[in-house]
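**Student:** Listed here are the chains, written in short residue letters.
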Amino acid sequence: MRMSEDEVAGLVRSRWGELLAEVGDGAVERYAEGVPVPRRAFAAAGALGLQAFALEADAVTWGRVLEEIGYLCADPAFATVVSIHTGIAGLLRATGDEHLADAYAVPISRGECLPALAFSEGTDLLSMRTELTASGPDFRLTGRKGFITGGLLADVFLTYAATGQGDLAACLVAADDDGVEVEPAHAAGFRTAGAASVTFEDVRIPAARVLAPADGLSHAQQYLNARRVVIASFTTGQIRRLLEGTVARLRETVRYGQPLMDLPNVQAAVGRMYIAVEASRAIVHRALSRLDAGTGDPVFDPVVSAAKHHVTEQALAALNEAFRVLGGHAYFGDPRYGMFLREVHGLLAGAGTQDLLEINLGMCAATCAARKGGNPT
Amino acid sequence: MILRFSGVMLRLVNYERTVQVEAGTLGAALEQLEARHPQLRSVLRDANGQVRRSHQLFLNGERVARPDLGMPLAEADQVEFLTAIAGG
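Protein sequence lines, in the order shown, are assigned to chains A and S.
Here numbering that gives the first Met the number 0 is used: the first residue of the first sequence is 0, the next is one more, and so on.
Here numbering that gives the first Met the number 0 is used: the first residue of the second sequence is 0, the next is one more, and so on.
Worth double-checking, as some hints may not be accurate.
Said to hold, decoys possible - Sample of chain S residues at the chain A side, in silico, Cβ under 8 Å:
| hint | residue |
| --- | --- |
| 1 | Arg65 |
| 2 | Pro66 |
| 3 | Leu81 |
Said to hold, decoys possible - Just a sample of chain A residues kept apart from chain S, beta carbon distances all over 12 Å, derived:
| hint | residue |
| --- | --- |
| 4 | Arg29 |
| 5 | Gly48 |
| 6 | Ala213 |
| 7 | Gln220 |
| 8 | Gln221 |
| 9 | Gly244 |
| 10 | Thr366 |
Read the hints as simulated data drawn from the structure, not as lab findings.
Backbone N, C-alpha and C fix where the C-beta goes; we use that ideal spot for every residue, glycine too.
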């Protein structure tokens, strides 16, 4: 039986609450210095069964767990990175390949092996330049990938590369393979998420590490489709956190002889933030339920994409409200507001830019509206 | 029948939003289409000739979940390829 919201909240607090508080404690300092969440945090999470839980839970339950993690943990990168780990572990397990499961998915689920996605390289998706070519029984990989969240922490990269026949393949590349060079990426945000770029110089890839020899584009889209609702889930929790922090500050700040929270215009702003939280929860829950029911498209589900788009826009709108009512406190006084502002701007691009999702959703809606009563979902 | 394209696929069909072909099956329609736009084949189909999962196919506005190359087509049919991909 599926767990209720309250049961999930209780579970997260009791099993992982202490760890999340510990990770959050050093977030502001790490963010200022650009230091990633420590590896030991993922190992500790693995020892407490967090990643393994993700692999066994239904989508709605895991989405709610991520919302609670987003809400409880002051370092926004933890939910971002740990959910990449579990997403990749799930993809590896779904191959049914025992070697991939034993060598990678199981250690990832224990927090002992940290993966990252090496997909984007600053081209459109049909023009990737990173190339995987056959070489005897093995393959050779050459190219460069950028914008890798969690890349500085990664032991292994799930990498997509052109095969030379107009196709894409997916393979695993170890960070310590000869010819692999990982460099920090100087991103506008994600400063505790270990953002990196990686260069592959004639790297030997054993055939056993090629998990999709063809149609890697569909393979990647399947991962990214699921990723969108994961992003929407933990971001919803982070908006809740923003709302509560904003209200707490407004209650204790006195202007014109009264708490700011008592001013009608401030109450309206907080009301808009509350609407952002509840509207986000509603669409995320609908998207997660479709995943569980198997009614969504596994490669591009319109509701899932709408959820990622909507929650990102709600987070930006809620931040705007917070900065307006908190004034100098948000801009100068408490660096956590700026951290979240930078993180959310990363979501404008992550797992498909907002504009590209709008185009795709527009195409879906137009195609389905062409028939009477048509609906993309 | 008419084959319709949009988004990232347009550049592979020389930015022709619609392409008219005369064929009795989906497979035959694709053969004609690819004869006109050879660069399309490797993007649209896998090594077995099947339409890749990243392309959703709609026949007269109805989604065809697993397009079969033997799917019969009539002269008035409209086949739309929806390639909703986004990444990174």
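**Student:** Each hint should be assessed against the structure and marked as holding or not.
**Tutor:** For each hint, the structure was consulted:
Interface restraint check: Arg65 of chain S against chain A, minimum CB-CB distance 12 Å, threshold 8 Å, status violated. Checking Pro66 of chain S against chain A by beta carbon gives a least distance of about 13 Å; that is not within 8 Å, so the hint is violated. The criterion of a C-beta within 8 Å of any C-beta in chain A is met by Leu81 of chain S, whose closest approach is roughly 5 Å, and the hint holds. With a cut of 12 Å on Cβ distances, Arg29 of chain A stays outside the contact zone with chain S, its closest approach being about 24 Å.
With a least beta-carbon separation of about 30 Å from chain S, Gly48 of chain A lies farther than 12 Å from that chain, consistent with its non-interface assignment. A cut-off of 12 Å between C-beta atoms contradicts the statement that Ala213 of chain A is not in contact with chain S; the least separation is 6 Å. Distance check for Gln220 of chain A against chain S: the nearest CB is about 5 Å away, which does not clear 12 Å, and the non-interface claim fails. For Gln221 of chain A, the condition that its CB be more than 12 Å from all CB atoms of chain S is violated, with the nearest at approximately 8 Å.
Non-interface status of Gly244 of chain A relative to chain S is upheld: no Cβ of that chain comes within 12 Å, the nearest being about 30 Å off. Listed as a non-interface residue, Thr366 of chain A fails to keep its Cβ farther than 12 Å from every Cβ of chain S; the least gap is roughly 5 Å.
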